[in-house]
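Trainee: The listed protein sequences correspond, in order, to chains A and B. Counted from 1, the first sequence has number 280 at position 280 by this note's numbering; the numbering is strictly sequential. Counted from 1, the second sequence has number 206 at position 206 by this note's numbering; the numbering is strictly sequential.
Honestly, the hints are just simulated from the structure, not real lab data. Hints are supplied without guarantee of correctness; some may be wrong.
To be verified - Capping the alpha-carbon separation at 20 Å, the derived lysine to any residue pairs in SDA-like fashion look like this: (1) B:K282 / A:I261; (2) A:K407 / B:L404; (3) B:K243 / B:G292; (4) B:K407 / A:E399; (5) A:K243 / B:L420; (6) A:K243 / B:R415; (7) B:K407 / A:R354; (8) B:K133 / B:D67; (9) A:K407 / B:K243; (10) A:K294 / A:D184; (11) A:K389 / A:P375; (12) B:K87 / B:L420; (13) B:K407 / A:G400; (14) A:K407 / B:E399; (15) A:K234 / A:K294; (16) A:K407 / B:K317; (17) A:K407 / B:V391; (18) A:K418 / B:Q241; (19) B:K243 / A:D67; (20) A:K389 / A:I406; (21) A:K234 / A:A263; (22) A:K209 / B:E91; (23) B:K294 / A:A263; (24) A:K334 / A:K64; (25) A:K211 / B:E399; (26) A:K418 / B:V391; (27) B:K211 / A:I406.
Number of protein chains: 2
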Amino acid sequence: MAELNGNLLVAQSGGPTCAINASIVGVIQEAGRHDCIEEIYGGLNGVYGILREDIIDINDEKAKTIDMLKYSPAAALGTCRYKIDFKKKPEKAAKDMDRLFQIFEAHNIRYFFYAGGNDSQDTSHKIHLEAIKRGFELHVIGIPKTIDNDLPHTDYCPGYGSVVKYNATTVMEVGIDVGCMATDDGSCCIIEVMGRSAGWIAAGTVIAKRKPEDPPHIILLPEIVFEEEKFLAKVKEVVSQYKYCIVVAGEGIKNASGNEIGADDKLVDAFGHKLLSGAADKLAQIVQNNLGTKTRTVKLGYAQRAAGHFASLTDIKNAVMVGGAAVKAAVEGKSGFMVKIIRNVITDDNGKQRIEWGTDLQPLEDIANAERLVPRDWLSEDGFMPNEKMVEYARPLVEGELPLPIKDGLPCYYRLEKSLIEKKLPPMEA
Amino acid sequence: MAELNGNLLVAQSGGPTCAINASIVGVIQEAGRHDCIEEIYGGLNGVYGILREDIIDINDEKAKTIDMLKYSPAAALGTCRYKIDFKKKPEKAAKDMDRLFQIFEAHNIRYFFYAGGNDSQDTSHKIHLEAIKRGFELHVIGIPKTIDNDLPHTDYCPGYGSVVKYNATTVMEVGIDVGCMATDDGSCCIIEVMGRSAGWIAAGTVIAKRKPEDPPHIILLPEIVFEEEKFLAKVKEVVSQYKYCIVVAGEGIKNASGNEIGADDKLVDAFGHKLLSGAADKLAQIVQNNLGTKTRTVKLGYAQRAAGHFASLTDIKNAVMVGGAAVKAAVEGKSGFMVKIIRNVITDDNGKQRIEWGTDLQPLEDIANAERLVPRDWLSEDGFMPNEKMVEYARPLVEGELPLPIKDGLPCYYRLEKSLIEKKLPPMEA
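Build out the structure end to end from the sequences listed, making use of the hints.
Mentor: What follows is the structure, encoded as structure tokens:
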């Protein structure tokens, strides 16, 4: 088929990660290789900014900056949690969609790449369908990004490998710390990690366990109903055995009635998700009040998804690969797909195994708003510990460290200059 | 004077750090150079374990393990918060002191090195005085260790450089993360760090600020009375200017009536210190309820003092130096001193400055239970930001990264085998 000539627009959405910039770098560097792609634009703060025509010319940026963005956490183009919601706000959504295509038309955007999680893939899917409906030639490819690792069909989501590397390291370190304190009646530490409904982040910390006695000793996933009695019995057992107990808890763990034990009902985000805080503190109270065991908490919060100083090189390389694959697919005329990661296990002549990472495409409609949870058979019978299947899955994702530039003992992270292109439309109505 | 022949006992006390093992390595490696030191023993879990005659023979450990301990966080010999308290428990204290000297005598301990903070230096001082009183020839030297950095007379306390390096990096990373999210009404993140009454850890994160607009935007120290109105006004000002605000809060910040705003009255440690939790959560409530600004929290807890994966090489080298200096002093016949770190600023012919670190001795009585706070003139007038004096002080402490061994993408930390020597006394009475 004839190649589609026009400009490229790439944007980021949802919670940032250590790897989302690497995917954008993959898009930009691959786009440079295709003549059919004329201008390379970046949309600031995802759809939220694009609707305001906040678009930058990426060719105005230093090549060095673009290359080093690979190793910089967070979202260099800025991100958002803005949703085009035809269900709840049909009129606003229709208005937004009109505005979006006016902008695409005004700037001759023919290639659109959106990096994000479930909600962002849903947005990409809607834009793809709308383009067809309008007969506007636009190639839309979604790029997976979420530390939650809950997108279906892809081996994993870029960003996940880095958060597991950092969190597992933190578990090791907190474990040695707590384990070396002499206490007559033992001690406990609860490490709260992200993961609202999928427990991939908590489950991944199992790789910190090199020996059976190593922490983490208990991992609580949102997928498994939290039962206080069973939990307390397990903590008691671990403390009596090792004198200390390290618990990793996903922020979204729920009780039998389906309520998150750390829920803060006051707060709800733009997608109607309940915002959580304090699963660890709740658990600490439970342990302290029932067992009298000294219990402390660690809440990594945003630090875990932004920890570029100890990100996974494998994760970053795959994120770049995914961005490049998105451009190749679009140039080939594909639209309405998300790039997914494929894991190929290669066994050499000596029987030694290595992993080769590849990509493929999955229709966006298969991804949008779907959610992949940790399989039950990847966990111990009591549900308190992921098994060998989880270890085999997670370990390859954390391999390799970044060649991070350091100045005066602290990391150097790069930022875009962000020179806005001339706006061609009247300002958006409020 | 004639050298004192006998055995060496080294132990660790108080909260672990990334550098306390390095000081023990310094002691062990220097001790090997002196014939007057016969056996090199390690006391497990500080005075708590020594009273139980839990003593290991360090010469039974692999030399490789001992050397690599430099780069392993936490306390390889184990630590404790056990206090010989003549004020509150005079009888128990006298009993403990008797037992301690029975053990010193039984194992011919003539060199005693104790690494710890204020309380541990106090313990060392008491042991030193008791030895004189009893006419028992014992050389006691204290080794400074505390991330709190609140010991007087020493330039800084080993462990502090590493916690500042990790925390400042975390502030940078969380800052980029929060700053890249598009929000109409701004957002705020409160990062809670350790520091009960001294704000050195919080203040040190100022080095993350390479440009005026960089985070942290507000630093709250326990030394400065927390005033809600002023704090809210400052957050509002920062959010309106930068759309986001990163606050670093020392866990022990206090209000006008001297109460810690994050205090949890239920919990008190062995020294009667009130245990804290939740300064960040309290602040988040205050911001959210009064300004309606989306506010999240990060509570690094034990993770910050155990983060060996990004510790400061300068800090580790100085910790080794301090341990070696302690042995040299003891062999020279000194007792009742703590080794302190001296900072010498050397200006070369080109006017370029570099720092040479050295050591000296300070009588333990000058250290025990004394506390050094952040000087008021190291802070801005409004008290919300350390100034250039703090930056100049803290920056050199974080320089250099460790040659940390990594396996399967995660750090390798070393542990002692801990083969106990034969006990010579009856078990301690309860």
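Trainee: Please verify whether K294 (chain A) and D184 (chain A) have alpha carbons no more than 20 Å apart.
Mentor: It holds: about 10 Å lies between the C-alpha atoms, which stays within 20 Å.
Trainee: Within 20 Å, alpha carbon to alpha carbon, are K418 (chain A) and Q241 (chain B)?
Mentor: holds (18 Å)
Trainee: Holds or violated: K407 (chain A) and V391 (chain B), Cα atoms, limit 20 Å.
Mentor: holds (15 Å)
Trainee: Just to be careful, I want the Cα atoms of K294 (chain B) and A263 (chain A) compared with a cutoff of 20 Å; is the pair within it?
Mentor: Status holds; Cα separation ~16 Å.
Trainee: Need the status of pair K407 (chain A), K243 (chain B): alpha-carbon distance at most 20 Å?
Mentor: Violated - the C-alpha atoms of K243 (chain B) and K407 (chain A) are around 27 Å apart, more than 20 Å.
Trainee: Take a quick look at whether K209 (chain A) and E91 (chain B) sit within 20 Å of each other, Cα to Cα.
Mentor: Violated - the C-alpha atoms of E91 (chain B) and K209 (chain A) are around 44 Å apart, more than 20 Å.
Trainee: Need the status of pair K234 (chain A), A263 (chain A): alpha-carbon distance at most 20 Å?
Mentor: violated (23 Å)
Trainee: Given the hinted pair K334 (chain A) and K64 (chain A), is their alpha-carbon gap at most 20 Å?
Mentor: The given pair, whose Cα atoms are some 30 Å apart, is violated under the 20 Å limit.
Trainee: For a C-alpha distance cap of 20 Å, please report whether K418 (chain A) and V391 (chain B) respect it.
Mentor: Given pair K418 (chain A), V391 (chain B) is violated - Cα atoms ~30 Å apart, limit 20 Å.
Trainee: Is the Cα-Cα distance between K243 (chain A) and L420 (chain B) 20 Å or less?
Mentor: The hint holds at about 19 Å.
Trainee: CA of K407 (chain B) to CA of R354 (chain A), is that 20 Å or under?
Mentor: Holds, at about 16 Å.
Trainee: Would you check the hint for K87 (chain B) and L420 (chain B), treating anything up to 20 Å between C-alpha atoms as holding?
Mentor: violated (33 Å)
Hint compliance for this structure: hints 8, 9, 12, 19, 20, 21, 22, 24, 25 and 26 are broken, all remaining hints hold.
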